[in-house]
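There are 2 protein chains.
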Amino acid sequence: MEKGITSRAEDFSQWYNDIVMRAELADYSPVKGCMVIRPYGYAIWENIQRLLDKRIKDAGHQNAYFPLFIPESFLRKEADHVEGFAPECAVVTHGGGKKLEENLYVRPTSETIMYAMYAKWIRSWRDLPMLINQWANVVRWEMRTRLFLRTTEFLWQEGHTAHATAEEAEEETLKMLGIYKEFAENVLAIPVYDGVKSDAEKFAGALRTYTIEAMMQDRKALQLGTSHSLGQNFAKAFDVKFQSKEGTLEYVWQTSWGVSTRLIGAVVMAHGDDKGLILPPRVAPIGVVIVPIFKDEASRAKVLAVAKQCKEAIGDAATVHIDDREQYTPGWKFNDWELKGVPLRMEIGPRDVEKQQVVLVRRDEGKKEIVAQSAMKGRVLELLDETQRGLFERCKKFRDDNTLDVDDLREFAAKMESPGIFARSHWCGSADCEAAVKDQTKATIRCIPFGSNEEKGKCILCGKESNRRVIFARSY
Amino acid sequence: MEKGITSRAEDFSQWYNDIVMRAELADYSPVKGCMVIRPYGYAIWENIQRLLDKRIKDAGHQNAYFPLFIPESFLRKEADHVEGFAPECAVVTHGGGKKLEENLYVRPTSETIMYAMYAKWIRSWRDLPMLINQWANVVRWEMRTRLFLRTTEFLWQEGHTAHATAEEAEEETLKMLGIYKEFAENVLAIPVYDGVKSDAEKFAGALRTYTIEAMMQDRKALQLGTSHSLGQNFAKAFDVKFQSKEGTLEYVWQTSWGVSTRLIGAVVMAHGDDKGLILPPRVAPIGVVIVPIFKDEASRAKVLAVAKQCKEAIGDAATVHIDDREQYTPGWKFNDWELKGVPLRMEIGPRDVEKQQVVLVRRDEGKKEIVAQSAMKGRVLELLDETQRGLFERCKKFRDDNTLDVDDLREFAAKMESPGIFARSHWCGSADCEAAVKDQTKATIRCIPFGSNEEKGKCILCGKESNRRVIFARSY
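Protein chains in written order, with my numbering: chain A, 1 to 476; chain B, 1 to 476.
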């Protein structure tokens with residue numbers, strides 16, 4: 001099989017596109033900026049949805065669905081919000097063959113349309129907290145698009161909550177960020193830094209934006225999820241009030257938080273290699289692929305019978321696929337499933353049937369091992385667990401090795417350019433310094449990380465006093 | 001509790017709206033024609049999705065996702081299709097702050113955008129059949145809307161398949177209709193007539209449209225799902241060709257099929273009564289609600305402890321909710337859960353604790369029965385099964401009692417007007433007669449049913465010879 005995959009060293013960006021296209025995760029569509037998520041890519045999304053949805057519901061939220069369209073006047077009600085989003089919206093001007101009286105914006109995010117309903121539904125403190133999540137498509141016009149990472153339309157979930165107090169809202173914001181972090185690390189096997197965004201990088205309309213940031217293999221940052229403390233900004237714009245226990249009329253305190261199909265791009269860029277995708281077992285559509293090897297009809301029947309026994313023995317403990325396609329050789333199939341990133345391959349040939357054994361090969365390490373059929377199931381599940389953990393550890397080591405304390409702007413600029421780093425550097429807190437660093441090095445503040453110790457130092461740009469290091473990086 | 005629900009006899013249409021709003025299934029949104037699906041309604045949709053998605057996948061289909069937007073030129077490629085859909089589309093004329101070079105239509109259905117991709121993906125007979133399904137939102141501009149039944153935006157699934165031969169495509173079309181019928185009857189507990197649509201009622205661009213049609217309690221018909229044999233119409237418009245085994249280049253044969261959030265409206269109108277919703281156990285977000293009854297703190301603790309034991313005993317066999325809200329009386333709660341249509345109520349009071357029993361009340365029949373706690377789980381599951389079957393049987397009897405052979409146009413018109421019927425009547429096959437019947441009686445041909453015997457007769461309108469009866473009804 002001609003793979004035609006550019007190597008990561010040669011051109012990381014082209015490698016990424018090659019993998020996404022050749023593994024049939026997604027394709028370009030005839031609509032500018034919009035992608036098609038193909039069945040294999042969508043199956044990853046379904047796993048992400050199922051596992052994250054459970055976490056969101058376990059934390060007390062319910063799903064609902066709000067309109068795709070937002071009246072222009074609604075988007076204009078919160079000043080920062082409209083300024084941030086209106087320029088990148090798709091606008092419906094005609095419907096049912098007529099020009100509309102008021103233009104409709106295709107939702108870039110649903111704060112405005114949802115909070116107009118919250119104003120109707122929330123009457124008293126008994127209605128709080130209101131904890132709602134939505135799985136939906138959103139549209140933000142993009143000039144330069146990349147499959148999964150930046151597309152005009154994308155799929156996501158957006159949680160929107162309303163609370164009686166500022167403290168409760170803040171707690172919710174951080175709780176959801178924590179769930180995202182746990183999900184990224186335990187399910188996607190991607191370690192993240194969590195922290196707060198600078199004002200320049202926060203959500204349009206939020207008081208504070210919290211984020212989780214991951215390092216890709218080109219040492220650039222990818223923002224995986226954000227959680228916003230909205231304060232009372234939208235409550236005031238949409239008049240979302242409640243009667244308190246004491247009988248007074250108060251504005252609610254709100255939060256919103258989301259992750260998107262971008263997570264699929266993160267999995268590709270965090271784990272893949274020059275042979276193709278490497279999928280963490282917990283989100284892989286296929287956990288184990290069995291490739292039967294045979295030369296004639298007699299051995300074919302025997303090998304396939306053992307393959308089926310193995311699949312049945314594993315049962316629901318992992319998703320097993322038997323690749324019994326006749327038009328391809330085993331070697332071709334090995335390459336194909338490596339490209340598709342299936343975590344574990346099982347080979348079964350006539351000799352293995354005879355010896356009551358199977359051959360197991362981990363996608364990430366490539367080492368072969370021979371296992372007795374009687375011990376097969378246990379070993380398969382162990383290897384899947386080891387792969388899940390191993391991917392996380394490898395990714396974490398890479399990130400930690402490339403996260404450096406840098407105190408000199410020239411060194412900072414040089415390392416940002418090549419090989420790329422997460423720089424832990426001092427920042428005085430001024431937006432001007434932040435902008436100047438970006439201008440000179442293309443690096444932005446990814447977050448002011450949680451849990452970092454106070455430390456006296458000098459701003460990487462202006463040299464003024466600073467109390468903490470923040471994380472700078474170039475980003476997607 | 002002031003329910004404020006209009007009775008069905010008084011005004012069926014108002015009854016429907018009252019139920020949908022008061023049970024918090026959905027709400028009107030500030031965007032004309034668009035609704036908000038509230039958490040309780042969306043939980044029903046999630047159950048429908050989960051159970052139908054499994055059936056769709058078991059039948060060999062994979063999910064994928066295609067763009068929301070369709071270039072105007074694409075919609076125009078199939079003549080009947082554009083004529084049917086363009087007038088009801090929402091049109092995006094501006095994006096990213098600029099006027100677009102080509103208008104984009106918000107998908108009213110995805111044939112055109114999907115088949116443009118199929119043309120790229122399908123090369124040879126080895127790529128066939130292509131069996132893809134999509135869960136998505138679609139938009140069709142509606143002037144007169146009704147929650148769930150007819151809204152400008154709605155949620156649905158649309159399956160789109162491509163096959164090598166006409167026979168295979170026809171088989172797929174009928175297979176999916178069969179899955180819809182099984183789903184409607186076994187999951188939603190709604191009996192349906194299956195059959196083919198007349199040319200006047202078929203999908204814009206299809207050769208043939210098959211349908212399942214259900215009778216609501218006002219004796220009007222609701223189309224629950226359709227499956228279309230598209231022939232090669234779209235294949236020719238989008239140049240979807242494959243190399244056959246014989247080496248010739250052929251157009252594929254296609255099908256598409258879908259059901260929508262309208263199914264929630266069907267459940268309301270098929271089963272509900274003047275007290276509220278009645279949900280079939282298989283789609284009910286809550287299968288069993290436990291209402292604890294107590295007078296003081298001491299009995300409260302004992303009663304709640306037994307309630308928790310019962311919930312744990314039932315485990316995953318049914319979804320159990322304990323309503324331990326303190327601000328409401330048991331009577332208020334009974335009404336509330338009747339309004340919400342929970343299939344089974346369990347009451348536990350101090351006397352029940354003492355006697356080691358619980359009280360069970362089926363929502364549909366309202367009869368109380370006392371059951372020993374030791375037999376509770378078994379009886380709960382039996383009653384849920386009986387409810388599921390009972391709803392179907394009641395609904396089927398009502399439909400059968402109101403499906404009549406009618407051979408006289410005056411009788412036909414009178415019965416259509418009141419009380420409403422499904423009329424099995426002869427039709428000569430002419431579109432003019434069909435239109436005239438509609439004009440005179442507001443009844444349309446719902447389907448030419450499968451499995452009806454050939455029978456000589458005379459067209460209900462023109463008196464010409466006919467070989468079969470078809471089903472006429474007024475419809476939503």
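One or more of the hints may lead you astray.
Any copy will do: because identical chains look the same in the list, a pair fits if it lies in one copy or spans two.
Stated by the list, open to error - List time: in silico BS3-like cross-link candidates among lysine-lysine, alpha-carbon distance up to 27 Å: (1) K77 <-> K99; (2) K442 <-> K295; (3) K120 <-> K57; (4) K295 <-> K438; (5) K415 <-> K99; (6) K120 <-> K275; (7) K220 <-> K275; (8) K57 <-> K311; (9) K98 <-> K202; (10) K333 <-> K120; (11) K181 <-> K311; (12) K377 <-> K57; (13) K98 <-> K32; (14) K181 <-> K54; (15) K355 <-> K32; (16) K32 <-> K77.
These are computed hints drawn from the structure, not numbers from a lab. Note that this is a predicted model, so its numbers are computed, not measured.
Outcome of the hint check:
1. K77 <-> K99: This pair counts as both: shortest intra-copy Cα distance 23 Å, inter-copy 24 Å.
2. K442 <-> K295: Intra 57 Å, inter 68 Å, cutoff 27 Å: neither.
3. K120 <-> K57: Within one copy only: 24 Å inside a chain, 39 Å across chains, cut-off 27 Å.
4. K295 <-> K438: neither (61 Å within a copy, 67 Å between copies)
5. K415 <-> K99: Neither, since 54 Å and 42 Å both go past 27 Å.
6. K120 <-> K275: Classified as between: cross-chain Cα gap 25 Å, same-chain 54 Å, threshold 27 Å.
7. K220 <-> K275: within (21 Å within a copy, 60 Å between copies)
8. K57 <-> K311: between (32 Å within a copy, 19 Å between copies)
9. K98 <-> K202: For K98 and K202, the Cα distance is within 27 Å only across copies (26 Å; inside one copy 38 Å).
10. K333 <-> K120: between (57 Å within a copy, 23 Å between copies)
11. K181 <-> K311: Classified as neither: same-chain Cα gap 33 Å, cross-chain 32 Å, threshold 27 Å.
12. K377 <-> K57: between (32 Å within a copy, 26 Å between copies)
13. K98 <-> K32: For K98 and K32, the Cα distance is within 27 Å both inside one copy (25 Å) and across copies (14 Å).
14. K181 <-> K54: The answer is within: 15 Å in one copy meets 27 Å, while 30 Å across copies does not.
15. K355 <-> K32: For K355 and K32, the Cα distance exceeds 27 Å both inside one copy (56 Å) and across copies (70 Å).
16. K32 <-> K77: The answer is between: 19 Å across copies meets 27 Å, while 30 Å in one copy does not.
Checked against the numbered hints given earlier, this structure breaks hints 2, 4, 5, 11 and 15; the rest are met.
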